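Engineer: Sequence:
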Amino acid sequence: MAEPTIAARVSPLAHLQERMRAATVTGARGVTLTEWPFLTMVDLRVAPGSEAADRIEKTLAAPLPRECGDTTTSGPHTVLWLGPDEWLVVSQAEATAVAAELGEALGADPGSVVDVSANRTTLELSGPAARQVLEKGCPLDLHPRVFGPGRAVSTTVGPVAVLLWQVDDTPTYRLFPRSSFADYLARWLVDAMSEYRGPEVA
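The sequence shown begins at 1169 in the working numbering and counts up by one.
Honestly, the hints are just simulated from the structure, not real lab data.
For clarity, every value in this text was computed on a predicted model and none was experimentally measured.
Think of the CB as a built atom: it goes at the ideal place given N, C-alpha and C, for glycine as much as any other residue.
There could be a bad hint or two in this list.
Claimed, not checked - So the derived label-pair ranges between C-beta atoms look like this:
1) Gly1305 / His1183: 18 to 24 Å
2) Ala1182 / Arg1365: 23 to 29 Å
3) Val1284 / Gly1243: 38 to 44 Å
4) Leu1207 / His1311: 37 to 43 Å
5) Ala1182 / Pro1231: 31 to 37 Å
6) Asp1277 / Thr1192: 44 to 50 Å
7) Ala1196 / Ala1261: 33 to 39 Å
8) Glu1186 / Pro1252: 41 to 47 Å
9) His1183 / Thr1338: 38 to 44 Å
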């Protein structure tokens, strides 16, 4: 009897890798777009300040952010605020292990731990012109006086709903769209990047 065939895992944007590479702009107006596929993402719900929340914070070795837009990072984990009792844990650790550890910390207390890694992919937009690219289709005020490293909020880019996280002041942004909208968003960003190949118009 023949061995069953196991399909290789393919990222939502594997078919656009070359197009995104070709869209790279260098220099003072530089900007790059890449996919970070298969990051672990776990949706966490727990009552803030509860004993379960304390156990989860010890497991993550990081406090759960308490304010809209805040994030915390410790080791391989970054915790992004989604709501008063909801967070997204983004990690480079293996998804099953992260979900299992958080589930054990939650125990029988009210709340939930759900592996949502397959629900989204991650796009990284980086470079001196990255903020200007986003400003073409994002309603947020992204000026550094308002939005800087460590901030993450739910918003839209073009017509696509995303979780937008600024990683550093390069600036580098990570965008978390639903996998089914990733193709559209990547093409939108590639198009928005194209003008930065030419000289700046005064």
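Engineer: Just pull the numbers of the violated hints for me, sorted ascending.
Structural biologist: Violated hints (numbers, rising): 3, 4 and 9; every other hint is consistent with the structure.
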